[in-house]
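When you read off a place in the sequence shown, starting at 1, and then add 194, the result is the number in our numbering.
Just to be clear, a hint being listed does not mean it is correct.
In the DSSO-like style, the derived pairs of lysine-lysine whose C-alpha atoms are separated by at most 27 Å in a straight line are [as the list claims (entries may be wrong)]: (1) 371 x 299; (2) 283 x 236; (3) 299 x 409.
Simulated DEER-style distance windows between Cβ atoms [unchecked claim]: (4) 226 x 195: 23 to 31 Å; (5) 382 x 222: 20 to 28 Å; (6) 320 x 209: 25 to 33 Å; (7) 409 x 361: 23 to 31 Å.
Rather than coming from a laboratory, the hints here were simulated on the basis of the structure. Since we're looking at a predicted model, the values are computed, not measured. Ideal placement from N, C-alpha and C gives every residue a C-beta, glycine not left out.
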Amino acid sequence: LYLGFTVSGNQTCRQGHWANGKFPDNSKGKSETLSFFNYGVKGGGTYRLSGRHFITFNGTYFTRTPESANMFTSQRVRNDIVSGISSEKVTSADVNYIIRYPGLKVRLTYYYTQINNQTWVRSFYHDSYNNNVNLIMKGLDQNHQGIELGLEKTLFTSHVIQAAVGYGQFLYTNRPKMEAWQENNATALFTDRTVYLKNYRVGGSPQLVTGLGYKYNGKKF
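Please work from the sequences and hints to get the whole structure.
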């Protein structure tokens, strides 16, 4: 068994090196400093069914500072900070069944991760305003869970076959609030708008992956 703890603190600010004509008093120099205090705990262990069969388990809960790109309404041009920004909260666990023989290795894993209180900032060019618009979602939650299977089989000493498959379900789990800001205007286009994102899949990564490999180890390496 093992158990660990972490405590950390950090500060972030924006440093503007020239004054923007639209925001002469709010673009050059340092912004307000954002301070974050984070903590976490992690634990787990290994249970031996036999000399070649194991069950391992791990679990963690921790908070983490949002990325700096998500802290400012328009970080390219001014110092305005996203209101109410705070640390993200992560809960995660996994269970593994492991088999180890001289010519065979197998690992079966189930994993679960819940990420809460995320801030999400994206920019795009809006034709109607002839300018960039920044969309900001606050209080965004998502869940990642799935299973993975990997195996490695040795054939005739020098030949190794490897295979892996992973199937996951990555979903947004709530309806966050959204606001929008123009880069050349400090007045919000809208605020506190509900985004109907619950149960939509999280983009950016595959949710089904498979792989097959072959490795040859020559006698002279």
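For each hint, the structure was consulted:
no.: 1; hint: 371 x 299; result: 47 Å, violated
no.: 2; hint: 283 x 236; result: 14 Å, holds
no.: 3; hint: 299 x 409; result: 14 Å, holds
no.: 4; hint: 226 x 195: 23 to 31 Å; result: 44 Å, violated
no.: 5; hint: 382 x 222: 20 to 28 Å; result: 23 Å, holds
no.: 6; hint: 320 x 209: 25 to 33 Å; result: 27 Å, holds
no.: 7; hint: 409 x 361: 23 to 31 Å; result: 24 Å, holds
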